[in-house]
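According to the numbering used here, the sequence shown holds residues 1 to 84 in order.
One or more hints might be untrue.
Distance condition first, Cα-Cα at most 20 Å in a straight line; then the derived SDA-like pairs of lysine to any residue [said to hold, decoys possible]:
(1) 26 - 46
(2) 64 - 36
(3) 26 - 48
(4) 64 - 51
(5) 64 - 80
(6) 26 - 65
Here are the computed distance ranges between Cβ atoms for each label pair [as the list claims (entries may be wrong)]:
(7) 80 - 54: 24 to 32 Å
(8) 79 - 57: 13 to 21 Å
(9) 76 - 38: 18 to 26 Å
By construction, these hints were calculated from the structure, which means they are not laboratory data. Positions of the beta carbon are idealized from the N, C-alpha and C atoms, including for glycine.
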Amino acid sequence: MPIRFFRQYLSGADGDRCSMFPSCSKYAMDAIEKHGGITGWIMTCDRLMRCGRDEVNHSFVIEKGHRFFTYDPVENNDFWWKSD
Numbered sequence: 001m002p003i004r005f006f007r008q009y010l011s012g013a014d015g016d017r018c019s020m021f022p023s024c025s026k027y028a029m030d031a032i033e034k035h036g037g038i039t040g041w042i043m044t045c046d047r048l049m050r051c052g053r054d055e056v057n058h059s060f061v062i063e064k065g066h067r068f069f070t071y072d073p074v075e076n077n078d079f080w081w082k083s084d
């Protein structure tokens, strides 16, 4: 899976720059695992468009390791999904 490759090999070289928690790559893995490839990919694209923008003004902020992050898990964005 390309996301695992990114997380394992490229993300470390690029540094920890994501201002959201979980990181966008972790969010993508969670969304695809929970909702499948197509819906997960759409949710990932939506997250990437929101990352570091207005979302930081509307979501909860958490502190992890002396850094502050905008808290935006998959569960906060799939309220429209029918649950059984």
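Against the structure, the hints:
Straight-line distance between C-alpha atoms of residue 26 and residue 46 comes to about 14 Å, which keeps the hinted pair within the 20 Å bound. For the proposed pair residue 64 and residue 36, the alpha carbon gap of about 29 Å is over 20 Å, so the pair is violated. A distance of roughly 12 Å separates the Cα atoms of residue 26 and residue 48; the hinted pair therefore holds under the 20 Å criterion. At roughly 18 Å between alpha-carbon atoms, residue 64 and residue 51 fall within 20 Å of each other, so this suggested pair holds.
About 29 Å separates the Cα atoms of residue 64 and residue 80, which puts this hinted pair outside 20 Å; it is violated. Distance hint between residue 26 and residue 65 is fulfilled; the C-alpha atoms sit about 18 Å from each other, no more than 20 Å. Roughly 19 Å separates the CB atoms of residue 80 and residue 54, a value that falls outside the hinted 24 to 32 Å. Our hint of 13 to 21 Å for residue 79 and residue 57 holds, since their Cβ atoms are close to 19 Å apart.
The hinted window of 18 to 26 Å between residue 76 and residue 38 holds, with their beta carbons roughly 20 Å apart.
This entry does not satisfy hints 2, 5 and 7, going by the numbered hints stated previously.
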